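Number of protein chains: 2
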Amino acid sequence: MSPSPSPASSPASSPSLASASLLRRLSRHIDRHQDEFVQTLREWVAVESDSIQPMPRLRQELLRMMALAADRLRCLGASVEAVDVGSQKLPDGDALPMPPVLLAELGSDPQKATVCFYGHLDVQPARQEDGWLADPYALTEVDGKLYGRGATDNKGPVLAWINAVGAFRALQEDLPVNIKFIVEGMEEAGSPALEELIRREKDRFFSGVDYIVISDNLWISQRKPALIYGTRGNSYFTVEVKCRDQDFHSGTFGGILNEPMADLVALLGSLVDASGRILVPGIYDHVAPVTDEEREMYEAIDLDLEEYRSSSRVKKFLFDTKEEVLMHLWRYPSLSIHGVEGAFDKPGAKTVIPGRVTGKFSIRLVPHMNLPVVERQVKQHLQHIFSKRNSSNQMTVSMVLGLHPWVADVRENQYRAARRAIKTVFGTEPDMIRDGSTIPIAKIFQDVIQKSVLMLPLGAVDDGEHSQNEKINRWNYIEGSKLFAAFFLEMAKLHE
Amino acid sequence: MSPSPSPASSPASSPSLASASLLRRLSRHIDRHQDEFVQTLREWVAVESDSIQPMPRLRQELLRMMALAADRLRCLGASVEAVDVGSQKLPDGDALPMPPVLLAELGSDPQKATVCFYGHLDVQPARQEDGWLADPYALTEVDGKLYGRGATDNKGPVLAWINAVGAFRALQEDLPVNIKFIVEGMEEAGSPALEELIRREKDRFFSGVDYIVISDNLWISQRKPALIYGTRGNSYFTVEVKCRDQDFHSGTFGGILNEPMADLVALLGSLVDASGRILVPGIYDHVAPVTDEEREMYEAIDLDLEEYRSSSRVKKFLFDTKEEVLMHLWRYPSLSIHGVEGAFDKPGAKTVIPGRVTGKFSIRLVPHMNLPVVERQVKQHLQHIFSKRNSSNQMTVSMVLGLHPWVADVRENQYRAARRAIKTVFGTEPDMIRDGSTIPIAKIFQDVIQKSVLMLPLGAVDDGEHSQNEKINRWNYIEGSKLFAAFFLEMAKLHE
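If you're matching them up, the sequences are chains A and B in order. The opening position of the first sequence corresponds to residue 1 in full-length UniProt numbering, with each subsequent residue numbered one higher. The opening position of the second sequence corresponds to residue 1 in full-length UniProt numbering, with each subsequent residue numbered one higher.
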């Protein structure tokens, strides 16, 4: 099927030339309106849509964020449904309402392919005093970098998709594909209600969907685009050690107690060695072996390890070759200790023996690790370590989050379309990469909708998602908007 | 030297009998006036003299408290000097004025011993909504218990001393010793200016002082009095492990970093074993060996270990006998891990690799441990553990607080006098105990003034200092006032 003729593209001699000419006009439009696009991003970043901290005020901000996005989608001409997904149950037993999930549609031409874009508008917590150079909720541009919480994860990419669609609308060009949007506000909190919603909407909203695109991660370079064909899963654990609910004074009780922090530190210290190897017995049993074909793909990746290290501001990685580093980020599991709740965490010198403490750690999972098996292995290991201590305290281990890993077949149609769009807009082949982090939605779409899932990232490697001074480059944001426009055109060509 | 003859005691046939008769009259006076004494305590408790929260309103309350006390001391006939000790520098750079230290004198007979009493009139914060049964600043009597913030720590004991002196004055009896008072208002905030003041006043106010008495802690029993002859010191350490200032996302960096939390957990886990033994090499080298005499003192202490355990709401202590438990609280060092600053410490499941974390722990010190030696041992140990990990991170260990332990010779004169006074007033030998926490003032007096320091507590074990529903029993307050009167008489006998 060819893209619908439009007044501007009709004089062209072939669909391909017409498409090239249209893309040039779309790109010019995007360039000319870039300050407006940045201003919209500024307005979106200004909303403290933090889904992690379970506070009513922040939930209000999330609601406001979703309403802003719904308005913007309606301005594009989309029909928008804000689906209530109920409440989130908190560990303390309370419940907090969750923001609605937006389901939006634009076009339903049965002759066109239907591409569904997934994005999220919630963010990680951020406070200026944690080391931000400016208010994290005031988008600040310095040397072409747009600093702000959510700028790259994931408000910028959601807007880039909207910008691309908006460019077609502004030029009064038919969209070459039908577009659907699913936009949520609880991704950082693990998307508690999303899978159920997707299952429920499988035969309704998702019934005509041919392809799913996610743009919620980063390139592996500052300048070279990438396509992502796999993500790691995650199993997040808490281990609580309790002596009593109240704290103790270390003067009046120090020396006669099994102190919960000593137990906890021993438990956390038993998880991973100094070389990064996870010490939980059996944990590597189901990790897929490396194939020759896979090894070649890693060798082809354009990564200057020294530049990567230095731009990450890290003195040294655990491994010395590009292949080892990338494999340990993408196709091997890793274990990180995140912190301790309930101990003394403020500045100063408080002489407290915390009475009850909770350690937090997670294991990034890879094919073909299995969540229930990992959960059992971790619990057995910690119980073994704890019982050896003969402590009178009480230990409780919980897996509070379990998310599967995902991997796609890079020979699928939309991977080829995306490669061509990248070639057109950026003049280069993309790096074919994975993402070491967890985007559970990819695996859910793959399992439930059973359609091809593509990850088409816009952000540069140094964007610092989840970190202080998160940013997206103006160049990535604007060229990324063009990339999405080019991608729509390439997807249409697949159906020619 | 004999107590000065007085009309009432003169008919007695010996100084000892005269003293016994005088004490009976003093005790009767104290019993008869106990409601007045409780009323004065009520007036003092009503002043919210909180030195912890750096608020101007509370500093005004502290000034009012010190003025009330100065008035009361002047009514006794004392000469009182309110010494300005300047301002307290707050962490945020602001400064707040500190309340004056009162230096008061009553009598300067060169033939009498001079006893200096140290006390403080500031209190820990208290709010009724934290779990107090009544307004913490309205002294409330229930079943002979006088509930109120500061009732036992330290307003009650300061007033008991004043009540004892006042009884001599009311009966127009000469004081058998010269009395000095040093009363401060910043003890709970760490007495920032006190050591300097004591050093400055060493050859002036303190020049004639023979003995120093502190009554700022508790018995180990609800009914049996105690003498305290030692307190532990404290060395507070921070150990920072830094990869970079910013945090990382555990998805995008997990697997290729020496993660600071893994290093820190290994460092903290190397400090103390599951039996509470400190693993820093050499740390026990200077701990005084237990003598037979000491062992007997521990055996004589009246402690129901099971009741102590259950009232502490602890399932099990590390040791099974009274002697082991008390020795590990008082005369052996202990190490407590307080917490971690810079890691994820909130509720929820944040997938962060903290970039820079600071662990906090402290070691309670006992004679004859030496602060610089302990500091060196801890630093060397942590450097050794860290270097074995071959981590690319940066580790910094600091001792941020160093307070010496204190121990007195229980054969000193005033210990003997206090034991006799206790025997006379309470009809029992005291428990000879130590305090596991750190009261730096004792060691400062010992080092600077170089005179005998005695801790003569009045409060019962369940008084709940620093806690909700702090109280002093009416019985302890009134019998304690008699005890101080008896102590003055016994001190005079020492000089007969």
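If you are wondering where the hints come from, they were derived from the structure by calculation, not from laboratory data. Watch out, some of these pointers could steer you wrong.
Calculated pairs, SDA-like style, for lysine to any residue (alpha carbon to alpha carbon, straight line, at most 20 Å) [to be verified]:
no., chain 1, residue 1, chain 2, residue 2
1, B, Lys242, A, Gly348
2, B, Lys242, A, Thr252
3, A, Lys145, A, Asp31
A quick note: this is a predicted structure, and the numbers were derived from the prediction, not measured.
For each hint, the structure was consulted:
no.: 1; hint: B:Lys242 / A:Gly348; in the structure: holds (18 Å)
no.: 2; hint: B:Lys242 / A:Thr252; in the structure: violated (33 Å)
no.: 3; hint: A:Lys145 / A:Asp31; in the structure: holds (16 Å)
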